[in-house]
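Undergrad: Please dock the two separately framed chains into a single complex, following the hints provided.
Sequences listed follow chains P and C, in order. Take the working numbering: the last position of the first sequence gets the number 141, and nothing is skipped along the way. Take the working numbering: the last position of the second sequence gets the number 283, and nothing is skipped along the way.
Any given hint could be a false lead.
What the hints assert, rightly or not - For the chain C half of the interface with chain P, some residues (derived, Cβ under 10 Å), not all of them:
{"id": "1", "residue": "F127"}
{"id": "2", "residue": "F130"}
{"id": "3", "residue": "I132"}
{"id": "4", "residue": "G136"}
{"id": "5", "residue": "S137"}
{"id": "6", "residue": "D138"}
{"id": "7", "residue": "T158"}
{"id": "8", "residue": "V160"}
{"id": "9", "residue": "R166"}
{"id": "10", "residue": "E168"}
{"id": "11", "residue": "S196"}
These aren't lab readings, by the way, just hints derived from the structure by calculation. Don't be surprised by glycine CBs; every beta carbon is placed ideally from N, CA and C.
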Amino acid sequence: MLHGAADLVLLVLLAWIIHEQTDTHWRWGILAGLLVGLATALPFWIPLIEYIAIVGFVSIIQARIWQAPLLILFTAAFTGTFLINGLDFLFLWITGTPLVFEEVFNLVLLPSLILNVLFALPVFGLMGEIAKQVFPAEVAA
Amino acid sequence: MNVQKPRPWQTITIVLVVVGVLALALGGFLTPLTRTALSPVFTALDWLTTRFQAFRDLVSAPSDVARLRQQNDRLEAEVANLQTQVINLQQQVTEVEILSALLDFARTQPQNEYIAASVIARDPRPFMKFVIINLGSDDGVLRGMPVVGAEGLVGRVTAVNANGARVELITDPASDVNVRIQPADVDAILQGSITSDLTLDLIPQNANVQPGDLILTSGFGGNYPPNILVGQVASIRTQATALFQQAAVQPVVDFSRLEIVLVIINFKPVDITPLFPEELHVP
Numbered sequence: 001m002l003h004g005a006a007d008l009v010l011l012v013l014l015a016w017i018i019h020e021q022t023d024t025h026w027r028w029g030i031l032a033g034l035l036v037g038l039a040t041a042l043p044f045w046i047p048l049i050e051y052i053a054i055v056g057f058v059s060i061i062q063a064r065i066w067q068a069p070l071l072i073l074f075t076a077a078f079t080g081t082f083l084i085n086g087l088d089f090l091f092l093w094i095t096g097t098p099l100v101f102e103e104v105f106n107l108v109l110l111p112s113l114i115l116n117v118l119f120a121l122p123v124f125g126l127m128g129e130i131a132k133q134v135f136p137a138e139v140a141a
Numbered sequence: 001m002n003v004q005k006p007r008p009w010q011t012i013t014i015v016l017v018v019v020g021v022l023a024l025a026l027g028g029f030l031t032p033l034t035r036t037a038l039s040p041v042f043t044a045l046d047w048l049t050t051r052f053q054a055f056r057d058l059v060s061a062p063s064d065v066a067r068l069r070q071q072n073d074r075l076e077a078e079v080a081n082l083q084t085q086v087i088n089l090q091q092q093v094t095e096v097e098i099l100s101a102l103l104d105f106a107r108t109q110p111q112n113e114y115i116a117a118s119v120i121a122r123d124p125r126p127f128m129k130f131v132i133i134n135l136g137s138d139d140g141v142l143r144g145m146p147v148v149g150a151e152g153l154v155g156r157v158t159a160v161n162a163n164g165a166r167v168e169l170i171t172d173p174a175s176d177v178n179v180r181i182q183p184a185d186v187d188a189i190l191q192g193s194i195t196s197d198l199t200l201d202l203i204p205q206n207a208n209v210q211p212g213d214l215i216l217t218s219g220f221g222g223n224y225p226p227n228i229l230v231g232q233v234a235s236i237r238t239q240a241t242a243l244f245q246q247a248a249v250q251p252v253v254d255f256s257r258l259e260i261v262l263v264i265i266n267f268k269p270v271d272i273t274p275l276f277p278e279e280l281h282v283p
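Same shape as in the complex, but just chain C (with noise of 0.2 Å):
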C-alpha cells in the first residue's frame, strides 16, 4: 500500500498564499481587480434581469392594470369621501366657532334669554337690508324681538310666521335705533341706508365724542333693551351751522358674513307711539 506522505511546505504555501489574498482583499488592494473582472458577470446579469422582468411585465400586464384600475377608482371614491368629511368638518368647526362666540357673548349678557338661529336667506333687492333665520313663532320668536350676534347688534324681528322670521338689520335705511354714545354718555340715533354705512344723527352740538368711542343701544324707544354693542364712531361731522352733530358709524358685526345669530327672546318691545301725537315722528 502506497501512503502519500503529508508535504507541509505544500500546505504552508497554500495557506500563506490564502492568507495573503485576503488579506490584499480586505485591504481594498484587490477592488479594481475584481471590478474588472466581475464587470462583464454583472453587465450580463442586469442585462437578463431587465428582460426577465420586461417578459414577467408583458405577461402579468393585464391583471396589473385591471387591479390598477380598481385600485385607482377605490382611492378616488376614498378621496372625495375624505375631502366631503374634511368640509364637513370645516363647516362644523366655524359653525362650532360661531356658536362659542355667541355663548361668549350669552355669558356676558346674562340677563336676556337667548335661542340661536341660522340665516338662510337674504333680500333680493338691493334697497331691502333684511336676512331670513329658520326660527319662527313655533320656537318662541315674536314680532319685535331684537337679534344679536357674537359681535353685537344685528337688528330686530319684523315679521313672523311659524318656522320662519324676517329680521330687519340696523343697515337698513328704514332702521332707527337709539343709542348712547361712551364714554361721552350722550343719546343719539342710528340711521341705517342703502349703501349698508351706518350714521349716528342727533349728536348735541356741545357733546365732546371722538372717533373710537363706543356705541351701545340706550334701550330709549322701547325697541331695543340697553347696553347692547353697536360699533364704534368712525367720524364726527360738525357744522357750525347745524343743531347737532352727525358721524359714521363702524359696526362691530360684518352684515355679510351673518350665517348664525342669537334671538333675545325674553325682550318684549314697547309700542310708545300711542303717546305721541300723531303728527310726530319717533323714531
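With the rest of the complex left out, here is chain P (with noise of 0.2 Å):
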C-alpha cells in the first residue's frame, strides 16, 4: 500500500482501552508510547506523547458516545492516524528533514489511514477475545 504502515501498537491500544472490561488506560498509553520510543529513532517522548494523546481522546469521545464501541474505534483510529502521522511529520519538517507535505499526506498519510482502518475491525475482535478471557463475567448468584 505504497508507503504507509499499520501502526498495530494503536489499533491493539484502541481496541483494548475501548473495551469496557478493561481498565488503567493510560498506563497502556505510556507503555505503548514508550514502547515505540524505543524502537523508532525519533526522540521517545514523541510517541510517548502521542499515545498518551490519544488514550486522552479516546477517554472524551467514550464519555459521549459509550454505546458505540465501533463508532469510538473507526473515529479513535482516524484520528490517531492523522496525530501521530502529523506529529512525526511536523518534528521532523522542524528538525530540517526535507518532507514534501503532498508527498506525506498521499504516499504515507492516506495510505496509513486506509490500513488502520481496515485493520482495526479483526484487532478489536481479537481485543475483545482476549478481555473476555482476561475478564470472564460474572456470574449473578
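TA: Okay, here's the thing in C-alpha cells:
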C-alpha cells in the first residue's frame, strides 16, 4: 500500500482501551509510547505524547458515545493516524528534514489511514476475545 | 514261482506317450487344455486365500492398528524434525551466501576493517528509514561508522548503546551522501526520501551524466570513506532554467531485504560543521 504502514500498536491500544472491562488506560498508553519510543529513531517523547494524547481522546469521546464502541474505534483510528503521522511529520519538518507535504499526505498518511481502518475491526475482535479471557463475565448468584 | 515276463512294447508305448505329452506341453499345445482344467482349482484357491487373509486380518487387526498408529506418530515426529532441519539448513545456506558475498565485498576493499552485524529491527514509523543492528559499543561500534552490504553502501550508525546500534539508511529523507558519478567524474549529493527513492542533486548543468553511470561515495564531508558503490543513474532530469541537473538513482542494495551488514570500524568520521559559519548548512 504505497509507503504507508498499519500502526498495530495503535490499533491494539485502541481495541484494548475501548472494551468496557478494561481499565488502566493511561498506563497502557504510556507503555505503548515507551515501546515505540524505544524502537523508533524519533525522540522517545514524541510517541509517548502521541499515544497518551490518543488515550485522552478516546476517554473524551467514550464519555459521550459510550454505547457505540465501533464508532469510537473508527473515530479513534482515524484521528490517531492523523495525530501520529502529523506529529511525526511536524517534528521532522521542524528539525530540517526535507519533506514535501503533498507526498507525505498522499504516499504515507492516506495509505496508513486506510490500513489502520481496515485492520481496526479484526484487531478489535481479537482484543475482545482476549478481554473476555482476562476479565470473565461475573455470573449472578 | 510265477515270474512275469517284461513287456517291452508296453513300456515303449508308455514312454512314447509320456514323451509325446511332454513335447506337446513344451510346445504350448496343451496350454488351453490345462488352463481350462486348472481354472476351477485356481478360483477355489483364490477364494480360499482371500477368506483366509480376511480372517487373519480380523484376528490380528487391533495389534496392527496400534502398531501402525505408533509408526505413524513416529514418522510424523520424524517428518516434523526433518522439516525443522531443512528450514534451519536453508537459513544457514542463505546466511552463508550472504556472508560469502560480504566477504567478497570486504576483499575488494582491503583497506577497511569490518565486523558483521545482523539486522534485528526496523523503524516502525513510515517516515523513518532506520534499522537496528545487534552490535554496539561493546563490539567497537561507534556513532558515525559507515555500514555496507554485500553490494554497496547501506548507511551509517547514528546511535549506539552497549549491545545495539541504530543505522540510518541512505534512503532516509534526512540522509545526504556526497557522491561521485563515474565515468563523468562529477560530484553530487545523494538524497533519500519518504518513498525510499534516491535522488542525485547538485549535478552541474554542463556535466555529461548518462543513465547507467556508476555512483560511488566521494569521501567529501568526512562522513563516508571514498569509492563505495552506491548505485547507478536511472534517469536524468534536466531543466534549461535550473542551476543543476537532478537524477533518479537505482541503489545496488535491496533495502527491503537487509539481513546482515558490515560495519566499517576503522573509519573515523570527521565533523566539519565547526569549520563553517553557523548559517550555512553543510550536508
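Undergrad: With reference to the structure, classify each hint as holding or not holding.
TA: Here is how each hint holds up against the structure:
1. Given the 10 Å rule on beta carbons, the hint for F127 (chain C) holds: about 5 Å separates it from the nearest Cβ of chain P.
2. At a threshold of 10 Å, the smallest CB-CB gap from F130 (chain C) to chain P is about 4 Å, leaving the interface hint in force.
3. A least Cβ separation of about 8 Å between I132 (chain C) and chain P falls short of the 10 Å threshold, and the interface hint therefore holds.
4. The restraint placing G136 (chain C) at the interface with chain P is violated, with a minimum CB-CB distance near 14 Å, outside the 10 Å limit.
5. Hint on S137 (chain C) is violated. Least Cβ distance to chain P is approximately 17 Å, over the 10 Å limit.
6. At its closest, the beta carbon of D138 (chain C) sits 19 Å from a beta carbon of chain P; the interface hint therefore is violated under the 10 Å criterion.
7. Annotation: interface hint on T158 (chain C) holds; nearest CB of chain P at approximately 7 Å, less than 10 Å.
8. For V160 (chain C), the suggested interface contact is broken, since its CB lies about 13 Å from the closest CB of chain P, more than 10 Å.
9. Checking R166 (chain C) against chain P: minimum C-beta separation of about 6 Å stays under 10 Å; hint holds.
10. With a least beta-carbon distance of about 7 Å to chain P, the hint placing E168 (chain C) at the interface is held under the 10 Å criterion.
11. The interface hint given for S196 (chain C) holds, since its Cβ lies 7 Å from the closest Cβ of chain P, which is under the 10 Å cut-off.
In this structure, the earlier hints numbered 4, 5, 6, 8 are contradicted, and the remaining ones agree with it.
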